[in-house]
Each structure stands twice: as structure tokens, then as C-alpha cells.
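Whole structure, please, built from the sequences with the hints as guidance.
Residue numbers (the working numbering), protein chains in the order written: chain A, 1 to 144; chain F, 1001 to 1352.
Worth flagging that the hints you see were computed from the coordinates, not collected in a lab. Where hints are given, some of them may not hold.
Subject to a maximum C-alpha distance of 25 Å in a straight line, what follows is the list of computed DSS-like cross-link-like pairs (lysine-lysine) [as the list claims (entries may be wrong)]:
(1) F:K1019 to A:K84
(2) A:K84 to F:K1117
(3) F:K1154 to F:K1172
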Amino acid sequence: MSQPRVVESTLEFPYSRSLGPVVGGFLAGLKEHRILGIRSADGKVLVPPLEYDPNTGDTLDELVEVGPAGTVGSWTWVDAPTPKHPLDHPFAFALITPDGADTAMVHAVDAGSIDKMSTGMRVQPRWRDEAHNMIDDLACWEPA
Amino acid sequence: MAATDIAVVGFAQTPSVRKARESEVQLLVPIVTEALARAGLDRREVGFTCAGSCDYLTGGPFAFVSNLEAAGAWPPISESHVEMDGAWALYEAWVRLQHGDIDTALVFGSGKSSPSKPEEMWAQQLDPYYLAPLGVDPASLAGIQARALIDAGKATERDFAEVVARNRANAKDNPNAQVSGDYSVDKLLQAPYVRAPLRAHDFPPISDGAVAVVLARGDRARELCDRPAWIRGLDHRIEVHQPGMRDLTASTSTTLAARKAGYDGGPLDVIELSSTFSPQEIILREALGLDADANVNPSGGALAGNPVMATGLVRIAEVAQRIVEGSAGRGLAHATGGQVLQHNLVCLMEGD
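Given below as C-alpha cells:
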């Protein structure tokens, strides 16, 4: 019986993109250690900012500063991170609502141990040393 | 709800396995043949073919094209592909049949997760700026969804384990299931967390597999099948992509799709749900208004076998099979796409 033929392939996403005023504005804010949301048609502040209102489809353009601290909504604990995760030691993925925002963003919380995590806990951003125009310029959140 | 009477008249599926030696097209060839044979249809008579698969799983651009070999693409055929679960390929074929100029269609869905690392690969389906770079994996989002359910007082970890035990027990009668058997809820609850509050058994297995379905319209359906599974309604709805911008403990898009598919809350003999993580069965039961004793996932559902890109179409095939064989009169199948139930499809079927 012959061995099955094995093909190794690596999929990449090697694009450089111009991000426009909303996503680009958000990432430019992270560089300055500011978190920006956007005001929706009904006056709510959406974080992360979307280019279009998810309910009405209206174009959105009013960026609003929120945070920097926030509150953890739901969360889960990652005991064994994958190489694609933002931290190389156990951490939480969580929904974090920055102060002044009406929605939550998904990000990592570096709490050290699951015992330090709870719904409703207060967190603050930890910034990446050198910004590179990616979401992880906000490296992660940590207990406040 | 349909403009014309369209029915499922043939179906076949592979078993779900952790790692199939066959290529995706090799998985498809025998089941396409079997589904057509079950309908008594020659492949040259098929009016339209539509497939659902995922190039990211296969690891090559346009990988789906080779799957067409299973349908036999020469002489040229009329066909299409969706980078979605095969349930959405069935949706496209259902719309195509309503044009009225053809009366049969072949639909298939296939996926091999074994060659990839699904927990890393699936982050690529997310927003490329805010989510994908963080490697947000489906199990982590399911863990967030599970805790939201617990925090809202809608479910407990024991409820999740009960869903798992029930589905695995149901799967004992399903020869295509990958995971089945009798499991004690107390014992399941002793397993370690993988994405607290979820344990490994709350996740679907990693599966390879495929499914094929034959559709026919009107009198042609009656010719091909003694008891066609008529599609009384078919609808799909989608919610906002960012997980922090919607209520993860509810599925408004499932409720809306069911209503638009014509589901009136009446009795159902069989329900098959694409609840790939155990808490999602609780959410979907509420979204559909199902009673506690509803006959949900007699096949064992996605927790017993999850051939991604086929899982939703398998649900339709499982319901259709019970109607065609006479053990059910009315059934509902659900398929999902995206992350944590973002996009949902409901297919309502009845026998004559």
C-alpha cells in the first residue's frame, strides 16, 4: 500500500490596505493611546467603530473618545494559547465595554489566573511598546 | 411560502470521521452517485448543480473547482458554488428552481477539517482589522457566549452537559455519527475546562465528511419519489458581525428566519439544529419556541459529527430522510454560518 501524498501549504493574507477614516481613525487613536468609538444613528457609541450603522445602514463619521478604562462583560479562559493568540501564557478573551461606550469589543485580558477574572471587573488598557497600526497596538487589557 | 412546490427527493452522506484518507472529491463521488440513484435520476438530467465548501479548509485557492468532478462537468453543466455550508447551496438551488425552466437540482456540501488547524484557521472568517489579528477562535467566542448565558440566568454548566449527553445518546442510532454513547452528566462535569465555562465535550468533534441532496419540482418530484419532503419554507437571516454588538444569549435571526419560512409554532415531528457548541442548542430552542420534549437532533446533531460546510445540509438531509421514509410528517432543519450563530437558515419541510 503506497503512502498518501502529503502537501504542506501555508495560507497567508499578505495585503497592505488603506483603512479609511473610521478603521484608520481608530488605529491612529491607539497609536496615541486613545480608544475611539463612533456615534450611531440613534446616538449610541459603538466600539470598535463601524463605517455603517448596523441597524439603519447609515454612514457613520463622528468618532468619539471612550475609556481608557473599561468593564468586562462575558469572558472565557484560554489555558493553552495558540500561536495566533495575542499572549503566550494563559489569558481571558472577553467582551470589554470601555467607559462611555454602549457596545463591547472582543480583546484579551492578561489577568494571570482565572481566579482574578469576574464578570463586571474593571480593566485598563496595556499599550504595545511600538505601535504598528494593528488592533494589538492595544496589546491587551489588565485588571485595573 | 415557496413560489412552486420544491422537494427533497434524494440524499446521501458519508460518515463523519476525524481524518478521511480520501480527498474531498473522493468523498463526494460515491454520495453524489448514491443520492442520484436514490432519486432514480441520471446525472445528465440534473438541471442545476450547486456546492458549498471552504477553500481555507482545503488550503488552496479555487479548491472547490476540483469538487465538481463529483458532479461530472463534461459536457458542460449549469452550476454554482457558495463559500458557505451546503445548506446555502440548497437555498441557491431552491431559488434557481423557482425560475420554472428546470425541474431538478443537485446540491452538495463537503469539508475536511483534518488537514488544517481549525482553531487557528477559523479566525480568518472574522473582521480582518478588529478580530482576526487577535486569533479569536470559535471555541473562545463560544465560551464567551456560554458565560453570557449563565450570567443571564438562562442556563447552567449542567444544562450544557445534559445537551451533550442527550445528543451523544441519540447518536447511538446514527451510523454516520463520529461521537456517540451513554455519558453520565456528573462525570462530564468533572472534565477540565478548555474555554471555561466550556469543556472539550461541549465542542463539536473535528470532522471530515460530505453530504449530497437532490431537489425536484412539482410533478417531477412525485415521479422521482413516493413521498417527497416538500420544502414549505426556506429563509436565512444575518446579524451584526461584531460579537459585542448583539445579545449572544438570543438568536433573533433564527426566530425571524423561522417566521419568514412559515413556521407557525405548530407541532414538529423532528427538528435538527446546527448547534455546534452545546449552549447553542439552548439558545436555538428558545429562538424557535420549542417545548422541552421536542424531538431535537435524533441524529445526535453537530455535537456527534461536524463536517464543516456539510453540517447544515446534513440537518436538512436528516429531516428529509425521516419524512421520505414516513417516520415524520413535518420537520424543521437549521443551519448556521459565521461565528456564534451570526447567520442562520431555517428549512421547514412536510410530507404529503
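Check: Given the proposed pairing of K84 (chain A) with K1117 (chain F), does the C-alpha separation stay at or below 25 Å?
Finding: holds (11 Å)
Note to self: Hinted pair, alpha-carbon criterion (25 Å max): K1019 (chain F), K84 (chain A). Please report holds or violated.
What the structure shows: holds (23 Å)
Check: Is K1154 (chain F) within 25 Å of K1172 (chain F), Cα to Cα?
Finding: With a Cα-Cα distance of about 29 Å, the restraint between K1154 (chain F) and K1172 (chain F) is violated, given a limit of 25 Å.
Hint 3 from the earlier list is the only one contradicted by this structure; the remaining hints agree with it.
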